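A.B. asks: Here is how the chains run, residue by residue.
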Amino acid sequence: MADQQRRHILSVLVENRSGVLARVAGLFSRRGYNIFSLAVAPTDDERFSRITVVVDVESAPLEQIVKQLHKLVNVLKITELDPSDAVERELLMASVTASATTRGQVTELVAIFGGTVVDVGPEHLTVCLADEPRRLDDFEELIRPFGIVELQRSGQLALAKLETRAPRLRRVSDRSA
Amino acid sequence: MKLTGAQALIKSLEAQGVEVIFGLPGGAILPVYDPIIDSPIRHILVRHEQGAGHAAEGYAHVTGKPGVMMVTSGPAATNIVTPLADAYMDSVPVVCITGQVGTGSIGTDAFQEADTTGITMSITKHNWLVTDPADIPSVIAQAFHVATTGRPGPVLVDIPKDVSNGLMEWYWPEDPAAGLPGYRPTLKGHPRMIKEAAKLICDASRPVIYAGGGIIRSGASGLLRSLAELTGAPVTTTLMARGAFPDSHPLALGMPGMHGNYAAVTAMQKADLLITLGARFDDRVTGRVDAFAPLAKVVHVDVDPAELGKVRRADVPIVGDCSLVLEELVEAVRAEWQRRGENSRVDLSPWMAEIRSWQQRYPLRYEPTEEGSPLKPQFVVERLRELNGPETIVVSGVGQHQMWASQYWRFENPNTWVNSGGLGTMGFAVPAAIGAKVGRPGATVWAIDGDGCFQMTAQELVTATAERIPIKVAILNNAYLGMVRQWQEMFYDQRYSEVYLSPDLPDYVMWAEAMGCVGIRVESPDQVDVAIQKANSIDDRPVVVEFRTDAREMVYPMVPAGASNDDIVVGPTQGEGGH
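So the sequences go chain by chain: A and B. For the first sequence, the working numbering assigns the number 701 to the last residue and increments by one with no breaks. For the second sequence, the working numbering assigns the number 742 to the last residue and increments by one with no breaks.
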């Protein structure tokens, strides 16, 4: 996991049309920055989508990227969410080896984390868990010894905590200062 | 009224007030070329798509109106990538229409297919792939709206062949912005920030106005003059702002930057306030950023919020259009003085006296031509300037000739200087001059070009002859890629690598005549005026004057790349070879 200071969550409200994701992603890739995770889906208003993007970037270049994002014609609004002022969730699905002897231990672990078993095979279980990304990391560590056949995470979603009003971009120090 | 997509496209361009399209047809754009025959819009057939793009830019540069280019898919679209990138860097409003293979063939590696919107995504302000003929009028209206508002720039509309062949019911959108919920440029400056800026201006004892291309794009030259004359602050005009402030004005300092004059560069270095208007602290202006204008507070006005704080922190950042902000700022400065009392005005005369002393000590200069030796390029520019009025439109390519033109011409009017600043596109001059002449047919248009640049796009002179666009081209032929040679001389121990071009190959006079132009060769100072006067007297065809110039001549002053502007080298006598 990236250093907390460099990890930024951006919530970007965009028009729901083709090519928008490429425009947004291009502003990161042309500068050589990696997008750590990405989640995109239409909002309650189907004309718009929300992109939740987690990036590993210093604050100063991020400020410039955010300004460039604002210039994209299809982008309506950008919010940077401070992890301490946001609720974050991510979905994890994993197919895990679960023989007759270990099956009980796997389901117990899933139950402890509040996950569910979504598919059952003779030698495997597919389990599903939605939680904070860090809890998913913990779960992943604990389930790994049983044998992960396939694992997929959704990328993180985040919304501002209700008590924090109007989340704004955090001030970042200026490069030339 | 039922129209084909192609008819709707041309009708939309007419509705948008387009007078001229620079283009070249091909397979995927064929349907659109049919209704052009019946349209009042003039089409100028270029010989290479890059020429169409630069011509549209030249047209936009001198008229302030959006230039329009139209080409087919695939290789035509990739050929026009350079002009789009050029227009993006210099904020030139242009609209590019490209043909595309049919929607059913997109993504199948069809003949002449390229991912045009993908390729141009990062070099246009916005682009559109139209998939329904019914969308054409609204997309065209949006395209012109985006290209010309806020920070201007290039846009591209990609139209598949089946979309231009398809039928639609004609309409014209009332509000182009209606379909653009995410596009709302801020034009009016924040009143509190403008007040803050006025305070800094009234406090300053060593102010400099740092005017950029935004002044020209926003049509704010008159207001810039008002601010300068009101405050008494001297004005530097960047490469993109040459002409935004008259060079003959007592407060004009000319061009700053890597090849700026000593007084302009040094005034900015010593300033206590930079009033930055539509400029972007480009590396060619600042030199080493942490050593640039170290004592100055910064007021920064730009219509693009992303420019504020990008390179240099602004003490007072103002997002807004230069014209609207300057109007308010002039009033705010007056109000601030009134508040403080008229005798509180800071005396700027010691500052101006210091600047005058720099101007006297370090004027632009070069060694005059010696008897029997080749022409000095600066002398050629000076004679062109003297034998043409300040209404003349000057177009240049990129390199030494561009710097000499920007240094030695005296610009008096905005939109009379057309060049490729940000991208530095060699070969810009000839096609851009064609576009400029089409936009301002009454003006004399001189392209001051280099021999290297000329060879890149000279074939557009065929276009100029065929379309009766009588531009004039002065080639400063030093037989080298001169700017590269200069850097090899100064920074690579005079090891000249792949920069020699030969003075005689091609034969520029024969080449010009083969393209239907008048060709003139000038080899000595006494022939210079005669040739220029002859060129000026010809108005029925393009003229190419080849001046054989001194290859050893270098552009000075110069701030070496990566150095501080304090380390400006004024001439060859200062340190061996400029080291």
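Keep in mind that the hints were calculated from the coordinates and are not lab data. Heads up, a few of these hints could be off.
[Unchecked claim] Listed below are the simulated DSS-like cross-link pairs for lysine-lysine, each with C-alpha atoms no more than 25 Å apart in a straight line: (1) K473(B) to K351(B); (2) K228(B) to K165(B); (3) K591(A) to K174(B); (4) K595(A) to K697(B); (5) K595(A) to K228(B); (6) K351(B) to K601(A); (7) K362(B) to K473(B).
[As the list claims (entries may be wrong)] Derived coverage of chain B by chain A (criterion: at least 3 residues anywhere in the stretch with Cβ under 8 Å from a Cβ of chain A; other residues may be distant): (8) 329-340; (9) 344-356; (10) 561-569.
Please read all numbers here as calculations on a predicted model, not as lab measurements. Idealized CB from N, CA, C, for every residue including glycine.
A.B. asks: If a hint holds in the structure, say so; if it doesn't, say that too.
C.D. replies: Taking the hints in turn, this is what the structure says about them:
1. K473(B) to K351(B): 21 Å, holds
2. K228(B) to K165(B): Violated. K228(B) to K165(B) sits at ~30 Å, over the 25 Å cutoff.
3. K591(A) to K174(B): 36 Å, violated
4. K595(A) to K697(B): 49 Å, violated
5. K595(A) to K228(B): 22 Å, holds
6. K351(B) to K601(A): 20 Å, holds
7. K362(B) to K473(B): 24 Å, holds
8. 329-340: violated (count 0)
9. 344-356: Per the Cβ count (3), the hint holds.
10. 561-569: violated (count 0)
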